Amino acid sequence: MNTRASLAALAVAAAVVASAAAADDATVKKDLTAVIALQGLPCGQVTEVRTLGDNDYIASCQDGNRYHVFVNAQGRVVAQKQ
Amino acid sequence: MNFSEGNRAIVAALLAALLAAGCAGVKQSATPSAPAAAPAATAPPPQAAASPPSSDQAAAKPAAKTAAPEAKAPAKPGVAPPPPSAKAVPAPAAKAAAPPLDLKALETELKETKAIGVMTKLSLKNQVDDLLSQFRAFYQGKLKTTLAELRRPFDLLVLKLLSLLQDSDPTLAAAIAASREAIWGILSDRTRFASLDGG
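Going down the list, the sequences are from chains G and U. Under my numbering, the first sequence has 12 at position 12, and the numbering climbs by one with no breaks. To convert, take the position in the second sequence, counting from 1, and add 1000; that gives my numbering.
Derived from the structure by calculation, the hints contain no laboratory data. This one's a predicted model, so the numbers in the text were calculated from it and none came from an experiment. Ideal Cβ positions, reconstructed from N, Cα and C, are used throughout, including at glycine. Don't take every hint at face value.
[Claimed, not checked] Calculated cross-link-like contacts (lysine-lysine; reagent style DSS-like; alpha-carbon spacing at most 30 Å):
hint: 1; chain 1: U; residue 1: K1142; chain 2: U; residue 2: K1114
hint: 2; chain 1: G; residue 1: K30; chain 2: U; residue 2: K1144
hint: 3; chain 1: U; residue 1: K1111; chain 2: U; residue 2: K1142
hint: 4; chain 1: U; residue 1: K1160; chain 2: G; residue 2: K30
hint: 5; chain 1: G; residue 1: K29; chain 2: G; residue 2: K81
hint: 6; chain 1: U; residue 1: K1142; chain 2: G; residue 2: K29
hint: 7; chain 1: G; residue 1: K81; chain 2: U; residue 2: K1114
hint: 8; chain 1: U; residue 1: K1111; chain 2: G; residue 2: K29
hint: 9; chain 1: U; residue 1: K1111; chain 2: G; residue 2: K30
hint: 10; chain 1: G; residue 1: K30; chain 2: U; residue 2: K1142
[Stated by the list, open to error] Chain G side only, calculated, beta carbon under 8 Å to chain U, not exhaustive:
hint: 11; residue: K30
hint: 12; residue: D31
hint: 13; residue: V49
hint: 14; residue: R76
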């Protein structure tokens, strides 16, 4: 009985964590989509993001383009085509 | 309300909020410094119709031809049409002669809005800085352009902001749209810009 309850709690917790992670991922994709569009670069939607560090990402776009998006030493957001 | 001070406060609030929001929590990448890939929209406009900046010109009605009547219909001009199901920006009830803004609330909302991500806020801040640099250079006589030409990047920047906000934070988008002419009024006036720039 206790084991079943524990498993259920664990499953709920995992679902919550997974859901939060998915929301974070969607937020970053939306953020990077906006950044790339603001730079006037072709992309469409960002479909995949790889995090390299703080504010440092590789963004893969719907149209096949890939960009390295990061904040440079001057504090500017840069989107470099890969 | 003192109109001049009110306008100044609006611009200051908007810029400060963008600056603060852009800088909040942003750490520079470990990636070695690289040149900006695309200065894109805020690139200096073509310098064909050069004219010396003068306070007379600055005081002239800057948006006589190019100004849009955005005060009545925020977020409409030039912005991609919102998806059918998306919340549309509510049309302001009043005809909005002067923006009836609670400036403190506007500043707070810009800082805290979830409609724009941190990187986007920082990117917008970069573009605001670029635009202010253009105005500074123009008033110093270093940039040969006209106020009418400077109006274009200004409008573009406001439209970018509105398009980012209109679906997720329509109230804030409407407030910014209503402040547009007031902000332009500051930027296009040498004296008022100088007081903004200096303080």
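Comparing the hints with the structure gives:
Pair hint K1142 (chain U) plus K1114 (chain U) does not hold up; C-alpha atoms about 38 Å apart against a cutoff of 30 Å. For the hint pairing K30 (chain G) with K1144 (chain U), the CA-to-CA distance comes to about 37 Å; that exceeds 30 Å, so the pair is violated. Simply put, K1111 (chain U) and K1142 (chain U) have alpha-carbon atoms about 33 Å apart, too far for the 30 Å limit, and the pair is violated. For the given pair, K1160 (chain U) sits about 15 Å from K30 (chain G) by alpha-carbon distance, which is consistent with the 30 Å threshold.
Using a Cα cut-off of 30 Å, the hinted pair K29 (chain G) and K81 (chain G) holds, with the two alpha carbons roughly 16 Å apart. At most 30 Å may separate the alpha-carbon atoms for a hinted pair to count; K1142 (chain U) and K29 (chain G) exceed this at roughly 39 Å. Distance hint between K81 (chain G) and K1114 (chain U) is fulfilled; the C-alpha atoms sit about 27 Å from each other, no more than 30 Å. Restraint check: the Cα-Cα separation between K1111 (chain U) and K29 (chain G) comes to about 20 Å, which is no more than 30 Å; the hinted pair holds.
The straight-line distance between the Cα atoms of K1111 (chain U) and K30 (chain G) is roughly 18 Å, inside the 30 Å bound, and the hint therefore holds. Pair hint K30 (chain G) plus K1142 (chain U) does not hold up; C-alpha atoms about 38 Å apart against a cutoff of 30 Å. Interface restraint check for K30 (chain G): the shortest CB-CB distance to chain U comes to about 6 Å, inside 8 Å, so the restraint holds. Annotation: D31 (chain G) was flagged as interfacial toward chain U, and the flag holds, the nearest CB pair being 3 Å apart, inside 8 Å.
For V49 (chain G), the suggested interface contact is broken, since its CB lies about 11 Å from the closest CB of chain U, more than 8 Å. Taken as an interface hint, R76 (chain G) checks out: its beta carbon lies about 5 Å from the nearest beta carbon of chain U, inside 8 Å.
In this structure, the earlier hints numbered 1, 2, 3, 6, 10, 13 are contradicted, and the remaining ones agree with it.
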